[in-house]
Amino acid sequence: MVGRRIDVRRNPSRTGSDRRVGQQVRVAVADDDPHLRAAVTEVLGADDRFEVVGAVESGDALLALLRGLADDGAGVDVVLVDVRMPGGGVAALRSLRETFGDDAPPVVVISAHTSARLVLDMLAEGAAGYLGKGRIGANLADLVAGAVDGELVLAVPGAQEILRRHAETAR
71 MVGRRIDVRR
81 NPSRTGSDRR
91 VGQQVRVAVA
101 DDDPHLRAAV
111 TEVLGADDRF
121 EVVGAVESGD
131 ALLALLRGLA
141 DDGAGVDVVL
151 VDVRMPGGGV
161 AALRSLRETF
171 GDDAPPVVVI
181 SAHTSARLVL
191 DMLAEGAAGY
201 LGKGRIGANL
211 ADLVAGAVDG
221 ELVLAVPGAQ
231 EILRRHAETA
241 R
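Quick note, the sequence shown lines up with residues 71 to 241 if you use the numbering used here.
Since the hints were derived computationally from the structure, they do not count as laboratory data.
Beta carbons are placed, not taken as given, at the ideal position from N, Cα and C, and that holds for glycine.
Any given hint could be a false lead.
[Unchecked claim] Label pairs and their computed distance ranges (CB to CB):
1) Ala144 / Arg234: 33 to 43 Å
2) Ala182 / Ala208: 17 to 27 Å
3) Asp173 / Asp130: 17 to 27 Å
4) Gly138 / Arg187: 16 to 26 Å
5) Asp103 / Asp212: 19 to 29 Å
6) Thr239 / Ala182: 22 to 32 Å
Kindly generate the complete structure, drawing on both the sequences and the hints.
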């Protein structure tokens, strides 16, 4: 299985259905690997459903980008963030929540680090999904769209076991 999508609707008021019909999903990408930033931007940019509004290299740059967009009355529908970049991972998730509160966009983690513990930690911090860098490809756009629509998206080795453990901790 390349990607697993489970509908968990953490915040039903922030779903893709809130966008006007025909409006593109606005995406911000944060990863310290310039090749991955370019690849993700290219894949999503080639899909008419998406508009990549920024691609930055750190958590601090991500916050600056999102604040600037919010100040302009814009914003983003979803953020893709590397877990191990400067200011990434848990720090980025917490900063987004502290800065934007309930209006924080869903965050999908993209990382080469896919241990069950790390994935579970990021989900516990509120990530809307976790994609292993080696597992993303042609289905990236569909996985990101799922996260925007409120689904928990996983494309990592051992996804079934991670989902089982995540469900146990959520009880």
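Next on the checklist: Taking 19 to 29 Å as the stated bounds, is the beta-carbon spacing between Asp103 and Asp212 within them?
Outcome noted: 22 Å, holds
Checklist entry - Has the hinted range 17 to 27 Å been met by the Cβ atoms of Ala182 and Ala208? => result 19 Å, holds
Checklist entry - CB of Gly138 to CB of Arg187, is that within 16 to 26 Å? => result 34 Å, violated
Checklist entry - Between Asp173 and Asp130, does the C-beta distance stay in 17 to 27 Å? => result Given range 17 to 27 Å: holds, Cβ gap about 20 Å.
Checklist entry - Falls inside 22 to 32 Å, the C-beta gap from Thr239 to Ala182? => result 24 Å, holds
Item to check | 33 to 43 Å as the expected CB spacing between Arg234 and Ala144, which holds or is violated | outcome: Roughly 39 Å apart at Cβ, these two residues keep to the hinted range, so it holds.
Checked against the numbered hints given earlier, the structure breaks only hint 4 and satisfies all the rest.
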